[in-house]
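Visitor: Sequence order for the protein chains is Z and E. Counting in our numbering, the first sequence runs from 538 upward without gaps. Counting in our numbering, the second sequence runs from 2 upward without gaps.
None of these hints come from the bench; they were simulated from the model. No experiment lies behind these values; they were computed from the predicted model shown. Incorrect hints may appear among the rest.
As the list claims (entries may be wrong) - Subject to a maximum C-alpha distance of 30 Å in a straight line, what follows is the list of computed DSBU-like cross-link-like pairs (lysine-lysine):
1. E/60 / Z/610
2. E/60 / E/11
3. Z/611 / E/58
4. E/58 / Z/695
5. E/41 / Z/610
6. E/60 / Z/646
7. Z/646 / E/65
8. Z/610 / E/65
9. E/11 / E/58
10. Z/611 / E/60
11. E/41 / Z/646
12. Z/611 / E/65
13. E/3 / Z/610
14. Z/539 / Z/646
15. Z/610 / E/58
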Amino acid sequence: MKFAVLVFPGSNCDIDCYKAVEDTVGEQVDYVFHTATDLSAYDAILVPGGFSYGDYLRCGAIAQFAPVMAEVKKAAEEGKFILGICNGFQILTEAGLLPGALIRNNSLKFRCHQVGLTVENAKTGFTNDFAQGEVITIPIAHGEGSYYVDDETLAALKANDQIVFRYAGENPNGSVDNIAGVCNEAGNVVGMMPHPERAVKEILGSADGARMFTSVLNAWRERNGAASIR
Amino acid sequence: MKAKVYVTIKQNVLDPQGNAVQGALHTLGFNEVGKVRIGKYLELDLDTNDRAQAEEKLKVMCEKLLANTVVEDYRFELEG
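Bound conformation, chain Z alone:
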């Protein structure tokens, strides 16, 4: 399996994502620059956190038009596995690959700490290694992570089982319905504010994030007819 970690000017979690792939599943992984125009070699695309293009105007607003994003859209349509983390989630919503938007935390503070997350959908390509309803620990680090959708879209998200993670304890940012992560209708594109790549070993405070990477390897193997790693 081959992973791409996208790198925009201002990405700062790209190395963490790259190392997380190496350390959790040990599959091939490449950094792919924002100017790239071909992602056909990759099975999974990770859109990392950071402050792409300085987050000028809005978080992810300018990154959505980077050349590589046309390829990300194509990959999404082809059913490839795409995970947007933090700024990556913001970019995917701005690009219209995921519903909703991320706005300023209701506390107006940059929140950087561990949170409990309830796995609301354990069937996506990135969550099949979790149990449905399991509470996991993953850190957040964001100032603009308050997920917003209107009531109509929220009802659709619930009906289609597109809410992937909810904050299990206190809601750190005021997001609608305590949402921390969502997926597209097909379930191959997932976006989340918490950082699973920062929770891949106990020494980091939690190893729960590692299972997002084993999940996608499972999903890829299942799709390609190879034996599951479990």
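Chain Z is fixed; fit chain E onto it per the hints.
Guide: Showing chain E alone in chain Z's frame:
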């Protein structure tokens, strides 16, 4: 031609910055201040004299980039 673009947060979307400013204004004794909403104001110089075309293009600029219509509304004025 000059364009003034106003991007505002939709009424049903929370504006924590606006709330904080409202609180600060109350602290200063401006108790007549009700709701405060913070938006963005952009000035664009446009290299055209065709008003209809400018309006059409501004609409596309707003929809594509300047506003996120999930959470923001926009309006613009043209001068010159």
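Visitor: Next step is simple, just say for each hint if it's right about the structure.
Guide: Consistency of the hints with the structure:
1. E/60 / Z/610: holds, 24 Å
2. E/60 / E/11: Between residue 60 of chain E and residue 11 of chain E the Cα gap is close to 17 Å, so the pair holds against 30 Å.
3. Z/611 / E/58: Answer holds: residue 611 of chain Z to residue 58 of chain E is near 26 Å, not above 30 Å.
4. E/58 / Z/695: violated, 36 Å
5. E/41 / Z/610: Cα-Cα ~29 Å, so holds.
6. E/60 / Z/646: Status violated; Cα separation ~33 Å.
7. Z/646 / E/65: Measuring from Cα to Cα gives roughly 28 Å; hence the hint holds.
8. Z/610 / E/65: holds, 16 Å
9. E/11 / E/58: holds, 22 Å
10. Z/611 / E/60: holds, 26 Å
11. E/41 / Z/646: holds, 20 Å
12. Z/611 / E/65: Roughly 19 Å between the alpha carbons, so the hint for residue 611 of chain Z and residue 65 of chain E holds.
13. E/3 / Z/610: Roughly 34 Å between the alpha carbons, so the hint for residue 3 of chain E and residue 610 of chain Z is violated.
14. Z/539 / Z/646: violated, 37 Å
15. Z/610 / E/58: holds, 24 Å
Hint compliance for this structure: hints 4, 6, 13, 14 are not met, and every other hint is.
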